[in-house]
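Novice: Given next are the chains, with one letter for each unit.
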Amino acid sequence: MDFHFSNEDKKTLKEVRSFIKAETTPELIAETHKLGHIYGGKEGRRFIRKFASNGWLTPNWPEEYGGLGRSAVLNAAIREEMAYASVPVVFVAAHMAGPVIMHFGSDEMKKEWLLQIARGEIEFSLGYTEPQAGSDLSALDIRAVLKGDRFIVSGQKSFNTASHVADYHWLAALTDPDAKRYHGMSLMIADLKSPGIDIRPMTTMAGWQTNEVFYNDVEVPGKNLVGEINHGFFYLMSALDYERMYPLAAYEKVFDMIVKYAKETITGGQPVSKNPIVRQKLAQIKIQLEANRLLYYRLAHMVDHGQIPNYQASMQKLFATETAQLITNTGMEILGPYSQMKEGSKHAVLSGQMENYYRTSVVETIYAGTSEIQRNIIALRGLKLPSK
Amino acid sequence: MNYDFTSEQNILKESAHKLLAKECTGQHVREMAEDEQGFSLELWEQMAELGWMSLLIPEKYEGSGVNFFDLSIFLSEMGYHCLPGPFFSTVVSGGLALLEAGSDAQKGKILPDISNGRCKISLAWMEEEGRYSPEGIKLGARKKNGHFILSGKKLFVPDAHVSDIIICAARTSDDLKSITLFLAETKAKGIRIQLLDTMAGDKQCEVLFDHVEIPEENILGELDRGWPILKKVLLKSAVAKCAEMSGGAEKVMDLVIPYVKGRKQFGRPIGAFQSVQHQCANMLTYIETMKYLMYQAAWRIDKGFSFEKEASICKAWASDSYRKLVALGHQVIGGVGFMEEYDLQLYFKRAKAAEQLFGDADFHREWVARGMF
Ligand SMILES: Cc1cc2nc3c(=O)[nH]c(=O)nc-3n(C[C@H](O)[C@H](O)[C@H](O)COP(=O)(O)OP(=O)(O)OC[C@H]3O[C@@H](n4cnc5c(N)ncnc54)[C@H](O)[C@@H]3O)c2cc1C
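Respectively, the protein sequence lines represent chains V and H. Using numbering that gives the first Met the number 0, the first residue of the first sequence is number 0, and each one after it goes up by one. Using numbering that gives the first Met the number 0, the first residue of the second sequence is number 0, and each one after it goes up by one.
Simulated from the structure, these hints should not be mistaken for lab results. Because the structure is a prediction, the values reported are computed rather than measured. Don't take each hint at face value.
To be verified - Covered stretches of chain V (in silico footprint by chain H; criterion: 3 or more residues with CB under 8 Å from a CB of chain H, positions within the stretch not fixed): (1) 211 to 220; (2) 378 to 384.
Unchecked claim - Listed next, with one range per pair, are the computed distances between beta-carbon atoms: (3) V:Ile28 x H:Glu127: 50 to 60 Å; (4) V:Leu114 x H:Gln264: 54 to 64 Å; (5) H:Glu41 x V:Lys9: 32 to 42 Å; (6) V:Lys13 x H:Arg267: 53 to 63 Å; (7) H:Arg267 x V:Phe233: 26 to 36 Å; (8) H:Asp253 x V:Ser386: 13 to 23 Å; (9) V:Lys9 x H:Lys176: 35 to 45 Å; (10) H:Leu49 x V:Glu332: 30 to 40 Å; (11) H:Lys137 x V:Pro25: 37 to 47 Å; (12) H:Leu222 x V:Ile28: 50 to 60 Å; (13) H:Phe337 x V:Lys341: 48 to 58 Å; (14) V:Lys13 x H:Asn1: 57 to 67 Å; (15) H:Phe337 x V:Lys345: 36 to 46 Å; (16) H:Glu99 x V:Lys13: 29 to 39 Å.
Beta carbons: idealized from backbone N, C-alpha and C, even for Gly.
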């Protein structure tokens, strides 16, 4: 075993860090915050296109597709740097769809899409969930009917974050409604500007937006089908295993802010950090952050060794998101009533970020597969427990 | 980064597993808990012959070269099988203390004997206050005619009753931090050892020092400078203990998971009930996080990197997680797991014992906090 980054990776990470430091503007941070850390806003695109020109968005892709031919470990580490810096960190095209195209797409499809994705020129939004199909994606209802060289798509998606700022939709649709569960679904790429698509905002309790997406006889070119028809569910599952590789550093930064606050804030004549209960709580988080780090890089290790992370991805997503909620709740406890003050409010501390992250963290254990679904996967795939 | 064992390490693990599966059965563990010596000399000698005791010892002292990581693999297997006896106190705590602070003469004399299985050691630091701090050490050592006279009482000393040497932490001045480590021969005049009856049947002793005379050359390390040595040894021992614990946790999984797959209620395997599945998923998460934290800390020790933070992180997490994992195991197995004849109870007891050794979770969280604040 070896738990260090290689010297080459360390060098790249140093460059990444100084790039981020030099190129991050207050406008970028504000936009990223407003969008909920997704990619697609104006400032984000400006920043990321420059960032990605170094190959850093997809460092583990082959050079011909805009990568650097480097390791998944480096990719994972760069994503942590981005998350920590509060620049866009959720990339549907580069980190969820891209790997699926790489594994299962035709050569033409790879040529058409991967380079643009690697350069950050385009972003996708994730089009899985529908009102009646949340955890159970086999209940999809949106239809895609093949007519000549195109699909005609009709139906409704919900909770499709980033659809209002992205360029394309990574769409899961039924292509054979009569097939057995899981066997009638296909993945395709739809242009979000296509006639017949209607995107309506859904505002979250964290303030940022996700969307409903309505399809009304929308044409999608047949060549935009990913892999084989009716194999979508299988591709989607492996895409989810990438999606669940969850960089926790945005919350690690919140943790660091809380630690700093505890050091610098005096109550009862001494720093908050002298309080033994506070010390225990913050140390516990530090410990969980370390455990999470090891689960996270295990996924990268697996990818580098030719495996697709499976229950291991569920475990990391589960562990990371529960830790995220521990961090935000602990922060609320330590800051006390000050934690509730919103950004800009009189008496706000830490720029009012605490209450904001506290709200946002609610959804971490819900999207990309709820904690219950992750535990199901760990039990069924990791421990091979019987399903009935 | 690499999360895999080398093929040699896989072979080590398998060979240790094979021997212990044969020699260290649940039956054996129960017998040894009742036995006064508490271990099988035959198995001890076999392990020595196979070189298990030599893993931390440099070649010039007849060891196989210092390899903390490989040792952790062996310790995991020992934890898996609940190996009773003085291996840990001798090879890990004792060996580490000598390696850390021993003079050439002391190392030349003792290390080859550890390596060959001829010498057993115990480390005695805890006293009535039951604390891990220099202030808790009251047993005094007074200098007289080139000797030190040790008087006081040590508690919870592992395997002292079968040890040849006790490494005793004593107070050598009024300054609270002035602790000195002494190598005491167990048969020295004035040492009285009494076995304590413990939950897990592991052998902990009260060791009374009644005006025990120890020559100056038996100081381990420097006069008054024993605490930093002890602290380092305790931290490394904590990581080694985590290796044992993660092995124990592995065995608990091997007991529980097949059981919930096979046991049927309401017409289906209990492992098909989601509330059981989720407990099992939590168990798997505990064990995998424990293991990686432990391997990371062992790897850092092995490579000579700083390891203090990682050691405390790992012991804090393992202390809580192993206990919780066993508790979940008990819950999903139901009544049969509560039976003496079912091996799960062995792990329940040892999980608590291990949790309290070398600092529990609260203790190590405080040490982690010291690194932060
Ligand atoms: C802010 C936000 C952004 C999102 N972004 C996207 C996006 O970009 N693209 C996209 O496609 N989707 C997105 N989602 C959808 C998200 O993935 C789903 O909300 C999630 O998978 C859960 O589905 P659901 O909300 O319908 O809850 P349900 O599936 O109805 O679940 C409700 C409860 O039942 C439990 N439950 C369900 N099934 C099981 C089971 N088999 N075993 C045990 N418990 C079960 C769940 O764990 C949960 O506690 C987003 C959601 C939110 C809230």
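Novice: Each of the hints needs a verdict: does it hold here or not?
Specialist: Against the structure, the hints:
Under a criterion of three residues with beta carbons nearer than 8 Å to beta carbons of chain H, the stated coverage of the stretch 211 to 220 of chain V fails, only 0 such residues being counted. Note: the stretch 378 to 384 of chain V has 6 residues with beta-carbon separation from chain H under 8 Å; the three-residue rule is met and the coverage holds. Against the hinted window of 50 to 60 Å, the Cβ-Cβ separation of Ile28 of chain V and Glu127 of chain H comes to about 57 Å, which satisfies the hint. For Leu114 of chain V paired with Gln264 of chain H, a C-beta distance near 56 Å keeps the hint of 54 to 64 Å intact.
Take Glu41 of chain H and Lys9 of chain V: their Cβ atoms lie about 51 Å apart, and the range 32 to 42 Å is violated. A hinted range of 53 to 63 Å for the beta carbons of Lys13 of chain V and Arg267 of chain H is consistent with their spacing of about 55 Å. The hinted range of 26 to 36 Å is satisfied by Arg267 of chain H and Phe233 of chain V, whose Cβ atoms lie roughly 27 Å apart. In this structure the hint that Asp253 of chain H and Ser386 of chain V lie 13 to 23 Å apart at CB holds, the actual value being about 21 Å.
Range check, Lys9 of chain V to Lys176 of chain H: about 38 Å between beta-carbon atoms, so the 35 to 45 Å window is met. The given range of 30 to 40 Å is broken by Leu49 of chain H and Glu332 of chain V, whose C-beta atoms sit roughly 52 Å from each other. A hinted range of 37 to 47 Å is violated for the C-beta pair Lys137 of chain H and Pro25 of chain V, which are about 60 Å apart. A beta carbon spacing of about 57 Å between Leu222 of chain H and Ile28 of chain V agrees with the range 50 to 60 Å that was offered as a hint.
The supplied range of 48 to 58 Å is met by Phe337 of chain H and Lys341 of chain V, whose beta-carbon atoms lie about 52 Å from each other. A hinted range of 57 to 67 Å for the beta carbons of Lys13 of chain V and Asn1 of chain H is inconsistent with their spacing of about 22 Å. Phe337 of chain H and Lys345 of chain V have their C-beta atoms about 58 Å apart, which leaves the hinted 36 to 46 Å range violated. One distance hint, 29 to 39 Å for the beta-carbon pair Glu99 of chain H and Lys13 of chain V, holds here, with the actual separation near 35 Å.
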